[in-house]
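Engineer: Chains as they are written, first to last, in full-length UniProt numbering: chain A, 1 to 352; chain B, 1 to 352; chain C, 1 to 352; chain D, 1 to 352.
If you are wondering where the hints come from, they were derived from the structure by calculation, not from laboratory data. Treat the hints with care, since some could be wrong.
Identical copies go unnamed one by one, so any copy, or any two together, can satisfy a pair.
Claimed, not checked - Quick list of in silico lysine to aspartate or glutamate cross-link-like pairs, DMTMM-like style, CA-CA up to 25 Å:
1) LYS96 with GLU176
2) LYS169 with ASP257
3) LYS6 with ASP264
4) LYS194 with GLU131
5) LYS120 with GLU304
6) LYS120 with GLU307
7) LYS194 with ASP49
8) LYS120 with ASP306
Model, not experiment: these values are computed from the prediction.
There are 4 protein chains.
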Amino acid sequence: MGTESKLSVAIVGASGYGGVQLVRLLHAHPRIALTYLGGNSSAGRSFTDLYPQLAPFVDQVIEPIDLDVIAERAKVVFLALPNGLAQGMAPTLLEKGCIVFDLSADYRFRNLQTYETWYKSARSDHSVAQEAVYGLPELFRDRIATANLIGCPGCYPTASLLALAPLLKQGLIQLESVVIDAKSGTSGGGRQEKLHLLHSECDNTLSAYGIAHHRHTPEIEEVASTLAGQNVILQFTPHLIPMTRGILATVYCTMRDPGLVREDILTIYRAFYRQSPWVRLLPSGIYPSTKWAWGTNACYLGIELDERTGRVIVLSAIDNLMKGQAGQALQALNLRMGWDETEGLPDLSFYP
Amino acid sequence: MGTESKLSVAIVGASGYGGVQLVRLLHAHPRIALTYLGGNSSAGRSFTDLYPQLAPFVDQVIEPIDLDVIAERAKVVFLALPNGLAQGMAPTLLEKGCIVFDLSADYRFRNLQTYETWYKSARSDHSVAQEAVYGLPELFRDRIATANLIGCPGCYPTASLLALAPLLKQGLIQLESVVIDAKSGTSGGGRQEKLHLLHSECDNTLSAYGIAHHRHTPEIEEVASTLAGQNVILQFTPHLIPMTRGILATVYCTMRDPGLVREDILTIYRAFYRQSPWVRLLPSGIYPSTKWAWGTNACYLGIELDERTGRVIVLSAIDNLMKGQAGQALQALNLRMGWDETEGLPDLSFYP
Amino acid sequence: MGTESKLSVAIVGASGYGGVQLVRLLHAHPRIALTYLGGNSSAGRSFTDLYPQLAPFVDQVIEPIDLDVIAERAKVVFLALPNGLAQGMAPTLLEKGCIVFDLSADYRFRNLQTYETWYKSARSDHSVAQEAVYGLPELFRDRIATANLIGCPGCYPTASLLALAPLLKQGLIQLESVVIDAKSGTSGGGRQEKLHLLHSECDNTLSAYGIAHHRHTPEIEEVASTLAGQNVILQFTPHLIPMTRGILATVYCTMRDPGLVREDILTIYRAFYRQSPWVRLLPSGIYPSTKWAWGTNACYLGIELDERTGRVIVLSAIDNLMKGQAGQALQALNLRMGWDETEGLPDLSFYP
Amino acid sequence: MGTESKLSVAIVGASGYGGVQLVRLLHAHPRIALTYLGGNSSAGRSFTDLYPQLAPFVDQVIEPIDLDVIAERAKVVFLALPNGLAQGMAPTLLEKGCIVFDLSADYRFRNLQTYETWYKSARSDHSVAQEAVYGLPELFRDRIATANLIGCPGCYPTASLLALAPLLKQGLIQLESVVIDAKSGTSGGGRQEKLHLLHSECDNTLSAYGIAHHRHTPEIEEVASTLAGQNVILQFTPHLIPMTRGILATVYCTMRDPGLVREDILTIYRAFYRQSPWVRLLPSGIYPSTKWAWGTNACYLGIELDERTGRVIVLSAIDNLMKGQAGQALQALNLRMGWDETEGLPDLSFYP
């Protein structure tokens, strides 16, 4: 396929870990031409200054952000910026005919008041935000296929919601019982010069953070409520793990009906995900290790029922920068373009 | 203090990670003389063959296990052996006048039937086992002070029970609501040549294990039930973390009384642990990092109340080989001998 | 391309880390059909028992090793076995018309006496061994293209020889001055239950091993001598690093001619490797990080000249299981079949 | 011992990793009272804000740096500041009667021109600098015992010089042959918010830095030249290792006399270090692992002779923040006060 017939794609905010994943994935995608790399603080620098290992494959210079230039140059725009910036760009880009995939929190909420409360910032783009679709393909496949503004999910919500969705949709659990104990590698904190992300601080130690207050809580709750058909309030606790990539969400729910057995639940999951190539259900007694998902777009699910306590425990493992970020955005783009959902995405992680 | 006036102590099962901690701690303790090192597979080898870095401080040879010799040589015996072996030695050692600290599961249960069910092995030493005291000083200080057989707690139960005890004792929580999501470093698996403990398998990845079936569950439940004054069934899920040392238990409980605030709960913890030098309560908003406890006998507790969900979340961090094993055994020995609980135990971890 | 027109390939010794890399790479290669997985201790087990994350992509059962079956089923055979076993299989497989890629040390030496001395084992397959070609494509591209028995290099020799080759070939360095200080991740030790490979032993620590006696020394020396046209004796010291994958070789050589500058040397390297797509020369002042090569077949080279000491220092970074093992074997197979050297091999690592 | 009779000690620059080691060590030292903590950017903050795990043991507030106050409050001053600051403080403190231990590079050089060249900064305190003693006790024990200004060595020079000293002193090696390939954990980079020190950048990867230009080179060379009695120019290459603490220096030297055997060399080392309690010579075939030294002030030396190449290879392992920084400074203080060199310093590391 010649470059001229490929889909032109821009990345705005290319210098971070999410950006470099996108660059690598789009570079390798057979139907895509990467026509623009933009950034703020990194504008003017060659991309391989930031990531020398990518030379000579990605030799572009990062350009200052200019919406006119972007719209001229690209049909599809990925915004990989800090929260709060996309809302100032997406309306214009949409107007100019672009399809926008936003990787920040800006377009993840249907209820903008929730956003305003948890992100402590007022919104003026209500009508645009209402058009946005939550970019979790396994749950909103049809809507993504026709959307022009996709709010790509956060890494924790992806792992958590894929674990919970079949239970919520089928009404199997007591809604107030949900506890999500989530564990993330340090790359989730971004390529930022922060004290708590230093190797000497993170290495060989483990701690929780944002207890009762993490901003991914309302994001999970809003989608969970949609699935359950009623308001869900849940417990979400993130932890920082001494590893670079990966998320494991350990999800605890009390069953409504104590008569179900593990195989019943597994059958429900199988049915729910039968058309989802990136969800991999594990057989009985096998629990996922986050490294299994490295570099792939897979979500591994292990399911256990504790008959003593009446709880179902779901283990959900993803690569936080792939299914939790860039890989999922590309999966959504594949859907939006009518391509196969798996195109351009590696399916087997290397191991160990 | 001359050697002749020191307390003579034996370690049986000195070659593992628990053993080497004991060796190091007892070596440094001003009132103790280490008079015997015994082992099975390692018998005949010099201890510094196994741990060259301890030369020339510990130059003893590991002796084959001989109860007569032990009792002649030592007043106090630490048994650091795989589960199931202590029950064949403790009765004889007690008879010969020794004080026995067992680091295995053998003497942790008051209800031996629970042991028999979860450890799949019958017991014939019921009368001796009934005399054993659970060696968690913060909960059973008085009984340890006069006991001759102390069943030292497992690493997960220590972290979990110290997090739960004030809540259970004061009847503050709904008993069926307890979820313990625990995370351990790899040294908890011992110095054993096992595939799942290889660096290449553990590094940079995270997984759960033993869900709904881990043997520390009934141990936690038995003590929790004693504290609560009624039967407690709880959820316990351990995870293997890519770090060598440390345990973090994240404990979730639903409050009975929604009117309490965080400061009330903290006050209750302060009162409960006012005489416990090794429990360190953190101020509001500070959560412990496991590395803070490295090499010390401390248990750091961070406490949070989520008013949205009505749950109290307690973070409990220890060094699994210290407060979770050898350090705690030495703390119990200090108590038993009438010495200060902190004697011979480092109080400040190095950092980072 | 239909399966029937693909090249049939067997892997013998599929259960180890080298094996699983081959499985994954061959599975993804567009011109190859994986028709046989064999093993000794793992025979009879499903491959996804050993690596559950590969289900459902690789659902084969590992078969007991049977040379007749292999030759019937496959045109190309990869032997990924412990040293000493390939020599009993390769002669028969060659006779039956197979092309054999051996990943052990058995066919890496032209001088079998060297093998016999360093590997302490006599050889009876001298005539077959003489036909073997050393499978380092950058040095022996033409010979590999027509060989039927390829002795694939070890991981340390690959990193070391790619660093040294241009210097030796051009006669730029004092031959007795070569010091190779090499650092490897733990996966180089294989998927073996060994004490020194436990996470708790390897993590957060660093040590040298095999000083003056490591078996990769004579392998490097034999090829280096061929390149230099005279006998080379060098210093090689391997170290075990607390990381899973990657090798860095830091190579020190004293220059013969003190008048050369860094740019001269770089020009020589560029010319030497101008047809080698997997060698990536870094610009001045940039030194490779092993993670840059993860999952790819690349060798990154950074070159520095110290004018104070007259030494050239070459940094050579590879993924020990890719360019250092399975990836390189596949590169050699590509060459042997007349395909592009890069076919089926990922060129961009994910990062971080 | 009452506080009034203890030695009063100040730490200036307490917030970094070197500072916190000093705080911990001085806190635990039986003869020392920590009477002042000072800092620049951290002034006004409680020390336990920075290191919550030290509460309630260290509850001091960090004070703005005021030399008058320091001299009033303390007899001994540790300066743990970035390079270039001590030279503005030490002259005044000495004048006011303090004994000064500087942990920066400012007072490590006898030849200030070397400092000016490598640190690119002019010096105006020549007369004071001439009085300074290089604070490596194993080499300059007598001079430290009477000095008032001690320039404490860098971490790399400590490991390197202890490996080299007996060889240089005895004239056993070819002086131009020395290659030091050094490996350090990330804490050597300090508690600084720098991109290359992020966990996601450091983890699971390895790289060299500062090749041919690292500032520890002239520091090693100056002391090496003193020991050898003639000018030494050597090769020093540092590497960043994915671990928090520890340095391993692998030192290569060509022997002058090919007739010596390993045992001869070991005898020379034993004699050289017979009065040095912190140097631990390992038996034949045992090489040190950096973790052996964790938290202790020990330097482990393993020595190998390669008869094929005529090189002696010395492995030298220390904890970079202890023997490589704070521990060594305290050892020097012990010497200076006429106390036992080992006082207040842990001798056994915990393991693993």
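Engineer: All hints are to be evaluated individually against the structure, with a verdict given for each.
Structural biologist: Outcome of the hint check:
no.: 1; hint: LYS96 with GLU176; verdict: neither (44 Å within a copy, 56 Å between copies)
no.: 2; hint: LYS169 with ASP257; verdict: within (15 Å within a copy, 31 Å between copies)
no.: 3; hint: LYS6 with ASP264; verdict: neither (45 Å within a copy, 41 Å between copies)
no.: 4; hint: LYS194 with GLU131; verdict: neither (35 Å within a copy, 40 Å between copies)
no.: 5; hint: LYS120 with GLU304; verdict: between (38 Å within a copy, 22 Å between copies)
no.: 6; hint: LYS120 with GLU307; verdict: between (43 Å within a copy, 19 Å between copies)
no.: 7; hint: LYS194 with ASP49; verdict: both (21 Å within a copy, 16 Å between copies)
no.: 8; hint: LYS120 with ASP306; verdict: between (40 Å within a copy, 19 Å between copies)
Of the numbered hints listed earlier, those contradicted by the structure are 1, 3 and 4.
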